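If you use our numbering, the sequence shown corresponds to residues -2 to 207, in order.
Since the hints were made in silico from the structure, they are not lab data.
Remember, it's a predicted structure, so these values are computed and weren't measured experimentally.
One or more hints might be untrue.
To be verified - Listed below are the simulated SDA-like cross-link pairs for lysine to any residue, each with C-alpha atoms no more than 25 Å apart in a straight line:
| # | residue 1 | residue 2 |
| --- | --- | --- |
| 1 | LYS139 | GLY164 |
| 2 | LYS139 | SER112 |
| 3 | LYS139 | ARG172 |
| 4 | LYS139 | GLY185 |
| 5 | LYS139 | GLY155 |
| 6 | LYS139 | GLY93 |
| 7 | LYS139 | ALA188 |
| 8 | LYS139 | ARG129 |
| 9 | LYS139 | SER175 |
| 10 | LYS139 | GLU177 |
| 11 | LYS139 | ALA160 |
| 12 | LYS139 | LEU157 |
| 13 | LYS139 | ARG162 |
| 14 | LYS139 | ASP115 |
| 15 | LYS139 | ALA128 |
| 16 | LYS139 | GLY176 |
| 17 | LYS139 | GLU173 |
| 18 | LYS139 | LEU165 |
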Amino acid sequence: MRGVGVTSFAVTALLGGGPGAATATTLAATPVPVLSWGPCDGADADDPGDGFECATARVPLDYRRPTGRTIPLAVTRRLAADPAHRTGVLLLHPGGPGNSGVDFARNSYDALPASLRDAFGVVGYDMRGVARSGQVECWNDKEYSAAVDAARGVPGPGALQTAVRQGLDFATACRERSGELVPFVGTGSNAKDIDLLRQALAERNRLRIR
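All chains should be built: construct the whole structure from the sequences, respecting the hints.
Spelled out as structure tokens, the structure:
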């Protein structure tokens, strides 16, 4: 399990560009997802110590068309242990690429200090294109393993050319196998997804990200 650093938090200003870029007017017209919380798939009903719920957030595929086609984001939460002293929501984000935020939140919960678990609801989500949120497919396991075996980890004759060729092959495979989703996967769209989740969670300035 990855360690969770809790020495500092950042209240993040969420701005983005790329295919998901939109003006403030467009963002204001973006429908806020409705989160219907329930048991998580595969949850152990006999484990009273888990306490996580799951939901699906429908967000725009393309933020330039905020009322157009939507895609699902898998979301999980655990409510603050001390509701009377609740401060807000702590969104645990694993970074990336390719790591499940749902798993990260669930696996990291016990590593958080009790004071944080008491004061914050803990939330995680799978970013678009990752795990339960519509997996981007590029190489299969066999193709990926072959590329790793062929990769050059140190400089040397032909190393740069090999790396460039592998990168091009990988990007080409992504476009061929996940072409409808890939143009809308990136920092800009991800930031806007987080802001919609903030609104869906009814948080104003109390969403903290780690």
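Hints and how they fare:
{"no.": "1", "hint": "LYS139 - GLY164", "verdict": "17 Å, holds"}
{"no.": "2", "hint": "LYS139 - SER112", "verdict": "45 Å, violated"}
{"no.": "3", "hint": "LYS139 - ARG172", "verdict": "19 Å, holds"}
{"no.": "4", "hint": "LYS139 - GLY185", "verdict": "31 Å, violated"}
{"no.": "5", "hint": "LYS139 - GLY155", "verdict": "23 Å, holds"}
{"no.": "6", "hint": "LYS139 - GLY93", "verdict": "22 Å, holds"}
{"no.": "7", "hint": "LYS139 - ALA188", "verdict": "33 Å, violated"}
{"no.": "8", "hint": "LYS139 - ARG129", "verdict": "22 Å, holds"}
{"no.": "9", "hint": "LYS139 - SER175", "verdict": "18 Å, holds"}
{"no.": "10", "hint": "LYS139 - GLU177", "verdict": "23 Å, holds"}
{"no.": "11", "hint": "LYS139 - ALA160", "verdict": "18 Å, holds"}
{"no.": "12", "hint": "LYS139 - LEU157", "verdict": "23 Å, holds"}
{"no.": "13", "hint": "LYS139 - ARG162", "verdict": "18 Å, holds"}
{"no.": "14", "hint": "LYS139 - ASP115", "verdict": "45 Å, violated"}
{"no.": "15", "hint": "LYS139 - ALA128", "verdict": "19 Å, holds"}
{"no.": "16", "hint": "LYS139 - GLY176", "verdict": "21 Å, holds"}
{"no.": "17", "hint": "LYS139 - GLU173", "verdict": "17 Å, holds"}
{"no.": "18", "hint": "LYS139 - LEU165", "verdict": "18 Å, holds"}
Hint compliance for this structure: hints 2, 4, 7 and 14 are not met, and every other hint is.
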